[in-house]
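As a plain string of letters, each chain reads:
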Amino acid sequence: MNRLEKASVGAVALMLLAGAAIFFYAPTDFLQGPVQRIFYLHVSSAIAAYGCFAVVLLGGAIFLRTENYAADRWARAGALVGVVFTTVTLVMGMLWAKKVWGAFWVWDARLTSTLVLWIIYAGYLLVRRLSEPGRQAARLAAVVGIFGFVDVPVVHFSVTWWVTHHPGPVIINDALPAQMLATFLFTMFCTIVLAAVMITIRYRIETLMDMKQLIAGPVHVVITREPGGVAGPVQ
Amino acid sequence: MNPFRAAIAVARKDLVSEWRTREMVPALAQFVVLALLIGNFGFQIDSRNAPSIAPGILWLALVFAGLIAFGRTFAAEREQSSLEAMLMTPASPVAIFAGKAIAASVLLILCEVVLLPALSLFFGTPFSGDLVIAVLLATIGMASLGCLFAAIVARVRARELLLPLLTLPLWIPFIVAGGQAVQSAMGLPGSYDQAIGLLIDFDILFVVLTSLAARFVLDE
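So the protein lines, in turn, are chains A and B. Residue numbers for the first sequence, in my numbering: 1 to 235. Residue numbers for the second sequence, in my numbering: 236 to 455.
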């Protein structure tokens with residue numbers, strides 16, 4: 001087993017442990033019943049998604065400053081994994097909302113901004129797919145990633161005028177019993193590890209794809225005039 | 236080279252070329268009137284419910300007219316490869332971008348000149364200065380974002396597909412605040428001043444951000 005395979009096995013084992021904690025260790029919520037157990041993974045994957053998009057933001061900003069393609073590959077990996085975790089957050093949230101609020105969807109600030117987050121980074125992935133790989137695509141995508149990150153708090157702020165259905169942060173104001181808090185923190189830790197492993201694997205895939213692009217892709221050859229100058233592919 | 240004069244020159248060039256062909260503005264005007272027509276038959280509009288439905292139709296028509304207008308801003312430059320020539324002049328990319336954004340927003344404003352009176356005419360909703368101010372303030376921010384993303388997708392395949400996908404989510408803050416402002420200008424409950432304040436904040440934020448980003452998008 002190579003290092004990435006070991007890391008994947010570790011991450012999956014941690015997630016199974018988190019599942020065990022959610023179903024067997026955490027107490028059942030008095031008001032909502034078992035459906036409240038969605039909370040642990042729902043909030044954890046939202047936090048993991050924000051982390052992924054922070055990677056996109058950082059990768060994009062570093063690429064714009066330094067033209068370092070490794071930064072761009074981290075951004076690409078972060079966007080893909082972030083969209084996966086946002087999808088998990090949205091789907092789990094909708095199931096929970098149907099049970100507790102009686103509707104799959106309400107146009108509340110947090111739901112709207114999470115949906116916008118999903119759309120923007122799905123758009124980011126589309127920009128990557130539809131543009132010729134290379135410097136231009138990386139620069140354009142970096143701008144999209146940065147605007148996406150700025151837009152989400154703005155959307156959130158602009159919708160908060162309306163009555164908000166979504167509960168506020170329960171961790172900060174001490175509303176969680178100790179066992180629930182422990183389960184939540186453990187699940188959050190496991191989810192972040194899983195996201196980090198997924199990003200690393202995706203980074204590896206992106207690196208291999210870039211190398212393949214260099215070897216077999218539409219190669220633009222630069223011919224140098226110096227004696228012994230090497231004609232090589234450029235991105 | 237004075238960046239303001241460069242921006243004005245680029246905007247003037249775009250507007251002169253629009254004036255000579257007269258393609259966009261008539262098409263956009265016809266488009267928004269058609270949108271009102273669809274709105275009328277899609278909803279059952281009468282004098283009682285018009286103020287609650289008209290703002291929605293206004294924003295739908297405006298947003299899609301905006302997408303058409305901004306999608307075309309870089310089309311001519313791309314077809315004739317004249318953007319490269321413009322970038323070779325001493326004018327900074329930010330000035331070129333600002334000029335294109337100004338020209339596109341003038342076109343969109345011309346389309347609003349048709350849309351807003353037509354809305355009042357067909358649906359009987361009040362036409363007021365408050366309404367005009369709200370729509371104009373939203374246009375500024377929408378134009379800066381729309382032009383930036385038009386410049387981005389100009390380099391990409393399937394650009395007609397991608398422009399709405401990228402631009403609409405970023406316009407949502409303007410539609411939320413602008414929608415609120417238009418609703419209260421039409422007599423629905425809600426704070427007009429708060430919505431206008433928010434629109435101005437968003438305008439400043441996104442005009443500054445897009446000017447910073449324009450360098451990376453236009454620079455070759």
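A few of these clues could be false.
Claimed, not checked - Here are some, though not all, of the chain A residues that point toward chain B, as calculated from beta-carbon distances under 10 Å: (1) 24; (2) 122; (3) 147; (4) 150; (5) 151; (6) 155; (7) 189; (8) 209; (9) 211.
Hints were generated in silico from the structure; no laboratory data involved. Here a beta-carbon is modelled for each residue, glycine too, at the ideal position from N, C-alpha and C.
Practice problem: Provide an ascending list of the numbers of those earlier hints which the structure does not satisfy. | Solution: Violated hints: 1, 7, 8, 9; rest satisfied.
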